[in-house]
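Colleague: In case you want the letters, here they are:
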Amino acid sequence: MDMRILGRLTAADALPFYSWVAVGGAVVTVLGLLTIVGAITFLRKWRYVWTEWMTSLDHKRIGIMYVMLALVMLVRGFVDAIMMRAQQAVALNSTGYLPPEHFDQIFSSHGTIMIFFMAMPFLTGLINIIVPQQIGARDVAFPFMNSVSLWLTAAGAGLVLISLVVGRFSTAGWTGYPPYSGAEYNPGVGVDYWIWAIQVSGIGTTLSGINFIVTILKRRAPGMKLMRMPLFCWTTLATSILMIFAFPALTVTTALLALDRIFDMHFFTNAGGGNLMNYINLFWIWGHPEVYILILPAFGIYSSVVSTFAAKRLFGYKSLVYATMAIALLSFTVWLHHFFTMGAGAGVNAFFGIATMVIAVPTGVKVFDWLMTLFRGRITFHPSMLWALGFIVTFVIGGMTGVLLALPPADYLMHNSTFLVAHFHNMLIPGALFGYLAGYMFWFPKAFGFTLDERWGKGAFWCWIIGFYLAFMPLYVLGFMGMARRMERYEISAWQPFLLIAALGAVVILAGITCLVIQLVVSIRKRNEKRDLTGDPWDGRTLEWLTSSPPAPYNFAVLPQVRDIDALHDMKRHGSVYVRPKQYEDILLPINTGAGVLIGGLAFVFGFSAVWHIWWVAAAALLAILATAAARSFRDKTEFCLTGSKVQEIENRHFRDLAREGVL
Amino acid sequence: MSPVGDDTALLPHDEAYDERAFGFWLYLMSDAIIFALLFATYQIMAGDIAGGPQGSDLFSLPHTFGETLLLLTSSLTFGLASLALDAGNRRRVLAWLGVTFVLGLGFLAMEIHEFHGMITRGAGPDRSGFLSAFFTLVSTHGLHVSAGLVFILVMTVQVVVKGLSRPVSSRLERLGLFWHFLDIVWIGIFSVVYLPGILR
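Residue numbers (my numbering), protein chains in the order written: chain A, 1 to 664; chain B, 1 to 200.
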């Protein structure tokens with residue numbers, strides 16, 4: 001083991017002078033950070049940012065911070081994507097503009113960022129903001145642990161970002177297959193950045209999973225039986241169960257790879273009795289459920305959006321619930337379809353192929369349920385509804401190609417080709433990202449008290465969906481033409497037209513992202529026109545629309561009585577909505593703490609020093625995390641009391657607004 | 001959010017303790033998956049000795065039996081601490097926690113001794129796939145025991161400083177779950193790693 005004070009960190013190795021593009025990326029990253037820090041300092045907002053946001057244990061604020069992280073990482077991940085598209089568009093018989101070493105880092109960081117640091121924080125953020133409100137709860141079960149999860153995720157994201165400035169990122173792809181990711185072939189720091197970023201954020205995700213399960217099972221409002229929960233709560237429950245059962249597999253996989261790399265162990269090496277097939281199995285035992293961790297929450301969002309903007313009760317609620325749980329269960333029985341070509345026996349491949357096709361059944365049930373909800377509904381074409389409609393059409397195409405890939409003989413032909421790349425983007429872009437964006441536009445007014453501009457929202461949708469088809473349909477064709485994934489250059493001129501179309505698609509998606517940015521800026525500037533004082537801008541059907549926007553810290557001054565799946569709709573029909581009690585009760589709320597930020601910061605220090613083999617710092621950081629946790633455990637009183645009279649003051653304001661809007 | 005009301009700090013509601021216990025069970029389930037995968041990995045790699053020593057060359061039944069006795073007894077003594085907790089007897093709680101700590105420390109010492117002996121004989125974790133899997137599985141359990149020992153120390157201080165208050169006793173209950181969980185895992189290690197290794 002390396003015992004130097006700074007481990008293997010030396011200025012010559014660490015700075016990104018191997019490629020001018022990487023230098024540019026590093027400069028942008030550093031300037032971005034300096035801009036944010038400078039802006040907060042210039043506006044003298046550090047106290048506000050620290051006391052109101054970073055140390056906050058309010059699930060809505062934690063959720064908002066998760067989504068902000070996700071949007072930043074979406075931009076970073078997209079920059080990676082458009083760079084790859086640009087490289088492949090020009091790299092016919094030429095080296096293009098990216099050296100191979102750098103191109104490999106880009107496809108590795110694109111996948112890692114989009115899955116772990118865009119999609120995961122996006123869905124966790126939306127769940128955090130909405131689920132406690134949908135079940136009529138005042139908070140999540142473990143507010144402090146929630147903060148720890150957030151800052152561990154942020155620490156992981158920070159490790160990926162800093163790898164662009166200090167050192168390099170992995171070149172082993174987002175899946176990090178050995179032996180290429182082992183120390184023998186990849187002795188640098190890249191794979192270590194990948195390992196520790198995932199390890200740190202993965203623990204945060206496991207904790208989030210525990211938090212959401214306990215919240216949903218223990219904190220539902222009176223009368224809200226499981227079978228009366230909004231579908232988003234069901235999909236959150238399923239996703240959380242998958243998180244606590246699947247993420248340990250990722251922890252084990254990356255930990256064993258780290259042991260191989262640091263202590264010369266032989267889990268996945270070629271020699272010394274290593275078994276690299278075990279890595280691939282372990283990785284996908286996490287990896288396949290992960291697909292559903294990403295997609296199920298989006299299914300829940302679509303259910304809310306479709307039913308609200310069709311102004312109809314969700315069709316086939318029970319079948320949607322059973323389908324969700326069936327998908328969650330089946331997701332653990334299909335991992336081998338990611339490596340049919342590894343050469344398991346025909347019987348094994350047949351089993352996993354059939355299990356994979358079986359998943360299409362509950363998914364199909366869901367698609368029909370959404371269609372039937374739309375049928376004869378009074379449809380409002382809000383941007384969220386457009387995302388949902390675009391999803392239904394596009395996702396079905398992706399599902400078809402998935403069933404194709406589920407056939408082992410066909411998979412042997414298409415394995416590792418761009419057909420596969422097209423397939424999983426065809427699942428995850430509509431199946432996850434469109435859903436999160438639908439949720440973002442749907443619930444934004446709940447979080448901030450004003451609605452997002454719809455015209456720019458629709459512009460974003462059309463750019464994204466057209467860009468998606470342009471970018472990925474050519475990849476299906478290229479897959480059939482034999483193009484392998486992750487190619488930095490190629491010699492076949494017949495491929496280039498398709499790669500040019502794909503690059504054009506990426507440009508159109510860039511326009512979509514620009515629309516999202518403009519939408520946010522325009523909406524903030526017009527926030528007074530777009531103010532929503534009712535807390536219920538879309539004639540909502542579920543309980544999150546009963547609270548004020550943004551909600552009071554306690555969400556509900558009086559816990560609602562639930563009698564129906566569409567609890568709020570039911571209250572509206574019976575005239576029992578917005579009823580005030582004679583007297584408000586005292587409410588306990590969590591006291592803010594910086595311990596979560598501290599643990600996240602220490603985890604970042606730990607990860608960074610583990611990457612660079614600065615072992616004494618890594619050990620000190622681990623001890624400090626332990627000490628922080630132990631010190632925190634001495635605090636018995638972690639909540640303060642918001643008295644009934646204070647609650648009444650806040651509620652008076654809300655009811656004045658409601659009266660002004662003529663809702664009462 | 002910042003405190004809006006007056007700052008009268010209050011103890012959590014009864015339901016909060018149920019939630020914490022349930023959350024801890026979920027954590028244990030998640031941890032059990034980690035061990036399950038390490039067991040599976042060990043099982044796959046048990047034969048990958050790469051020309052090096054195998055289990056029967058390295059394991060000693062009396063030594064493992066000693067470790068097992070220490071750990072199982074520590075589970076019993078923790079149970080006695082839990083009984084004392086129910087009876088509200090603070091001194092007996094502290095005494096049994098102390099005994100549990102010593103037994104756990106003894107277990108850990110024996111494990112480190114075993115590891116040390118293996119490494120000096122050239123049978124360290126970098127020798128073969130089998131030994132990588134062995135060291136990782138067994139020392140993951142050992143690390144858990146170490147964490148449990150730290151947890152016992154923290155709780156001992158809390159019992160001394162705060163007495164057997166509701167928050168403290170709920171933490172002790174969760175520590176108990178953790179400690180007994182490690183016992184169960186050890187029985188797995190004994191039956192999957194040591195027994196077949198010696199009998200082979």
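Everything labelled a hint here was simulated from the structure, so no lab data went into it.
Glycine included, every Cβ here is placed at the ideal spot set by N, Cα and C.
Among these hints, one or two may not hold up.
Label-pair ranges, simulated between beta-carbon atoms [unchecked claim]:
id: 1; chain 1: B; residue 1: A32; chain 2: A; residue 2: R527; range: 18 to 28 Å
id: 2; chain 1: B; residue 1: D18; chain 2: A; residue 2: A311; range: 37 to 47 Å
id: 3; chain 1: B; residue 1: H13; chain 2: A; residue 2: A311; range: 36 to 46 Å
id: 4; chain 1: A; residue 1: G316; chain 2: B; residue 2: I184; range: 36 to 46 Å
id: 5; chain 1: A; residue 1: L43; chain 2: B; residue 2: M29; range: 44 to 54 Å
id: 6; chain 1: B; residue 1: T73; chain 2: A; residue 2: K45; range: 25 to 35 Å
Colleague: Quick check on a hinted range of 25 to 35 Å for T73 of chain B and K45 of chain A, using CB atoms only.
Modeller: About 58 Å separates the Cβ atoms of T73 of chain B and K45 of chain A, which means 25 to 35 Å is violated.
Colleague: For the range 36 to 46 Å, tell me whether the beta carbons of H13 of chain B and A311 of chain A fit it or not.
Modeller: holds (39 Å)
Colleague: With 36 to 46 Å as the target window, see if G316 of chain A and I184 of chain B comply at their CB atoms.
Modeller: holds (42 Å)
Colleague: Should the hint that D18 of chain B and A311 of chain A are 37 to 47 Å apart at their CB atoms be regarded as holding?
Modeller: holds (39 Å)
Colleague: Tell me if the beta carbons of A32 of chain B and R527 of chain A are separated by a distance inside 18 to 28 Å.
Modeller: violated (49 Å)
Colleague: 44 to 54 Å was suggested as the range; check whether the CB atoms of L43 of chain A and M29 of chain B agree with it.
Modeller: holds (46 Å)
Violation of the numbered hints given earlier is confined to hints 1, 6; the remaining hints are satisfied by the structure.
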